[in-house]
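Use these hints to put chain B onto chain A, whose structure you have.
Below, each chain spelled out in residue letters.
Number of protein chains: 2
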Amino acid sequence: MRMSKTFVKTLRDAPKDETARSAQFLIRAGYVHKEMAGVYDFLPLGLKVLENIKNIIRDELSKIDCEELQLTALQNPEPWQKSGRWDENEVDIWFKTELSSGGELGLAPTHEEPITNLMKTYIKSYKDLPVYAYQFQTKFRNELRAKSGIMRTREFLMKDLYSFSADEAEHAEFYHKVEGAYAKIYDRCGLGKDTYETFASGGIFSKFSHEYQTILPVGEDTIYYNSDKSIVLNEEVVVPEVLEEFGVKKEDLESTRAAEVGNIFTIKYKYSEPLGLDFADKDGSKKTVFMGCYGIGVSRVMGVIAEKYADDKGLIWPEEVAPFKYYLVGIGEEGQKTAEEIYAKNPDKILFDDRDARPGEKFADAELIGIPYRVVVSDKTLADGKAELTVRATGETKLVDIDKLDLAR
Amino acid sequence: MRMSKTFVKTLRDAPKDETARSAQFLIRAGYVHKEMAGVYDFLPLGLKVLENIKNIIRDELSKIDCEELQLTALQNPEPWQKSGRWDENEVDIWFKTELSSGGELGLAPTHEEPITNLMKTYIKSYKDLPVYAYQFQTKFRNELRAKSGIMRTREFLMKDLYSFSADEAEHAEFYHKVEGAYAKIYDRCGLGKDTYETFASGGIFSKFSHEYQTILPVGEDTIYYNSDKSIVLNEEVVVPEVLEEFGVKKEDLESTRAAEVGNIFTIKYKYSEPLGLDFADKDGSKKTVFMGCYGIGVSRVMGVIAEKYADDKGLIWPEEVAPFKYYLVGIGEEGQKTAEEIYAKNPDKILFDDRDARPGEKFADAELIGIPYRVVVSDKTLADGKAELTVRATGETKLVDIDKLDLAR
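As given, the protein sequences belong to chains A and B, one line each in that order.
Reading the first sequence from the start, the letters are residues 884 to 1292 in my numbering.
Reading the second sequence from the start, the letters are residues 884 to 1292 in my numbering.
Here chain A stands alone, though its shape is the one from the complex (with noise of 0.2 Å):
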């Protein structure tokens, strides 16, 4: 992409009542834009942000037989008054809206409810099982207070994976290969030192959930974990019960804020119980369907990522989600030449700062935009056959020769 050619210019300031650090840079380097509290624009980069962590899901997923698939915002009450789910006793995020035809409809917060009873078209028999759904979809939260940039919006993209399974065993088999998906899906996303598989609380169904935590200093929450990492609790199950079944004291362990990134959730006969999706068993016996769900929110997890990786001047992506892998620019009149002749063989993988502008503005946009790797060649580094490549993580800077400069990997 050429930066003379994009709408987005970096800003001098993000909206004041912008506290999040992540936010700030990602207003200020042109990835999001806020339309008000609690709900952001994705610009060009932070669109393409996002689409390398889905696509980077998609792959870990497709790896474990999940098939994707896509619901809809709008909500029928039916299934969720079955559940018990519509009653803002129960449920107080919900958005309501009314059809003008008659009738209330609710915007998703999430998608037990409805996948549930898609189901029902299509398990009819033990043959049918088992099935593993996911889509990326919007979900909508009435939060009162929304803060911490896009890390806790009203309005959202979620990765959401439901199982289907004819009975516990085989839930807790694909509930593990969910465990090795996320794991690798965090380390592709540059998270996967930081974040812990938790013990969380299973509510009423489940002894525990677990939760992905990864640390941070501005988490929402607080974990709890012994002088290995071995044992990982989210603060709200340590209590003298559970402490007591990991034989652990709660003076033994340390706690530390974290950012939820995700989380994995046997939910057993909570829905399919109440909206009635059963399957005839190998003996015909009619038996409820066993499920499972497992979310995680994608802008979330790029909200923690800028988050957890920004320094004094700016972003820092790892590289699987950055937008771009360099950060192109060219000085004096060779060196602007050699820069288009770079860009021309592989413009997907270079943000080339093609603009009219000094240099030195044009490393500060570098630092803050968060590119991995600035290529500078200059009339000066040409002569001597050279470009320079800084690390932006490490600031790390070297000559390489420009013949063996190969930008398409």
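Since the hints were derived computationally from the structure, they do not count as laboratory data.
Any given hint might turn out to be false.
Far from chain A, some chain B residues (derived; all Cβ distances over 12 Å) [said to hold, decoys possible]:
#, residue
1, Lys899
2, Glu951
3, Phe1091
4, Leu1136
5, Phe1246
6, Thr1264
If you want the footprint, here are the derived chain A segments under chain B, 3+ residues with CB under 8 Å [what the hints assert, rightly or not]:
#, region
7, 890–903
8, 1019–1027
Label-pair restraints from in silico Cβ distances [claimed, not checked]:
#, chain 1, residue 1, chain 2, residue 2, range
9, A, Pro960, B, Lys1010, 46 to 56 Å
10, A, Gly1159, B, Lys1090, 52 to 62 Å
11, B, Ala1227, A, Asn1109, 43 to 53 Å
12, B, Asp1289, A, Lys979, 49 to 59 Å
13, A, Ser887, B, Lys1169, 45 to 55 Å
14, A, Tyr1152, B, Gly1215, 36 to 46 Å
15, A, Asn1109, B, Lys1003, 51 to 61 Å
16, B, Gly1086, A, Gly1085, 35 to 45 Å
17, B, Glu1134, A, Asn938, 51 to 61 Å
None of these values were measured; they are calculated from a predicted model.
Note that CB positions come from ideal geometry on N, CA and C, so glycine has one too.
Same frame as chain A, but now just chain B:
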């Protein structure tokens, strides 16, 4: 994709209230699932068709320098109040909702106001123009009646492009480029031959807008055309003044039913003026940005293609929008073994019917699902080193050398 691995199955019946033939087939073949009137889920095959149409649009728009972004569904009333379109007497298809922290919100039925507002951050000077930005976004329209399957729905996927130009001449040049891009898009979607750019009402700001209308017996619109179709008019502009302008008489025009598959619209200052989207021109004077908007209903285009090409056996997808290019069936022991080998080479291009089912059932599903080419390898065809290739659209069948069968293309 293996048929044995997907949860979706073809269905014997469509919902009784579903009158459009395309909707019946799309549901029975497993492309979509009806949530309620005018609200449809997209199942794996349906999502693939949508993605293929999106990719065609994306490809053609990138060639005319358009940038992709993504705005939000939730709408702050403020910019809409400025343009006068918050008022339900002006726009009668709003879904509105409320923030739990207080205040009304809307669900975007279109995005002129928020994108005009957004551009106030980025357009300040003549140097910042022109800007061409588009998105694929879910639109919400509170239609009193929803019918025609996915051709007219309350929640649908739309491509909406907005242009921001310094003056009418710059706008006209881009408008013409969009006409070229749209022609290519409808061609690639298989609708080129029967799709016409029509003159439609321009509203209060322009004499005419243009619509793209595909001739379709169940279409909602009526278009009028002269003998060589050099003049094609929407019904609403077939009035004495317009007929006089084009130098034709009503009795010389023929009429037909058609479905709108897109529109392009010169909106001049309709939103930029009330929202204050100005720029400093070369001479320092303040001018208002000149705008255009250009829509294509992506899910509607899918519905029109489905409707247009179906026969009494099922759907018939044009190659570039089809979810898979080949439908593969193996018959007999050797036939099945060879089919597995063929599938393994190009799994992304092939819908492999590896189910434990009778060939007749597979052939019927192949016709219902409407994949362009059916490939059958049986012990009998293999005895002569052949496979049977059938074109879905024509029913034409021929035997081809198995060694020369290349399903990569």
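Now for the hints, and whether the structure bears them out:
1. Distance to chain A confirms Lys899 of chain B as a non-interface residue, since its nearest Cβ pair spans about 15 Å, more than 12 Å.
2. Consistency note on Glu951 of chain B: stated as away from chain A, yet its beta-carbon is not over 12 Å from all of that chain's, at 6 Å minimum.
3. No Cβ of chain A comes within 12 Å of the Cβ of Phe1091 of chain B; the nearest lies about 28 Å off, and the non-interface call holds.
4. No beta-carbon of chain A is positioned within 12 Å of the beta-carbon of Leu1136 of chain B; the least distance is around 35 Å.
5. For Phe1246 of chain B, the condition that its CB be more than 12 Å from all CB atoms of chain A holds, with the nearest at approximately 22 Å.
6. At the 12 Å boundary, the C-beta of Thr1264 of chain B stays outside the reach of chain A, the nearest C-beta of that chain being 30 Å off.
7. For the region 890–903 of chain A, the stated coverage by chain B holds: 4 residues have a C-beta nearer than 8 Å to a C-beta of that chain, and at least 3 were required.
8. A stretch counts as covered by a chain when three or more of its residues have a beta carbon under 8 Å from one of that chain; for the region 1019–1027 of chain A and chain B the count is 5, and the coverage holds.
9. As the Cβ distance of Pro960 of chain A to Lys1010 of chain B is approximately 52 Å, the hint placing it in 46 to 56 Å holds.
10. At roughly 57 Å, the beta-carbon separation of Gly1159 of chain A and Lys1090 of chain B lies within the given 52 to 62 Å, and the hint holds.
11. Distance hint check: the CB atoms of Ala1227 of chain B and Asn1109 of chain A are about 47 Å apart, consistent with the given range 43 to 53 Å.
12. The hinted range of 49 to 59 Å is satisfied by Asp1289 of chain B and Lys979 of chain A, whose Cβ atoms lie roughly 54 Å apart.
13. About 24 Å separates the C-beta atoms of Ser887 of chain A and Lys1169 of chain B, a value inconsistent with the hinted range of 45 to 55 Å.
14. In this structure the hint that Tyr1152 of chain A and Gly1215 of chain B lie 36 to 46 Å apart at CB holds, the actual value being about 43 Å.
15. The hint said 51 to 61 Å for the Cβ distance between Asn1109 of chain A and Lys1003 of chain B, and at roughly 53 Å that hint holds.
16. Taking 35 to 45 Å as the suggested C-beta distance range, the pair Gly1086 of chain B and Gly1085 of chain A does not conform, at roughly 56 Å.
17. Distance hint check for Glu1134 of chain B and Asn938 of chain A: the Cβ-Cβ separation is about 58 Å, which falls inside the suggested range of 51 to 61 Å.
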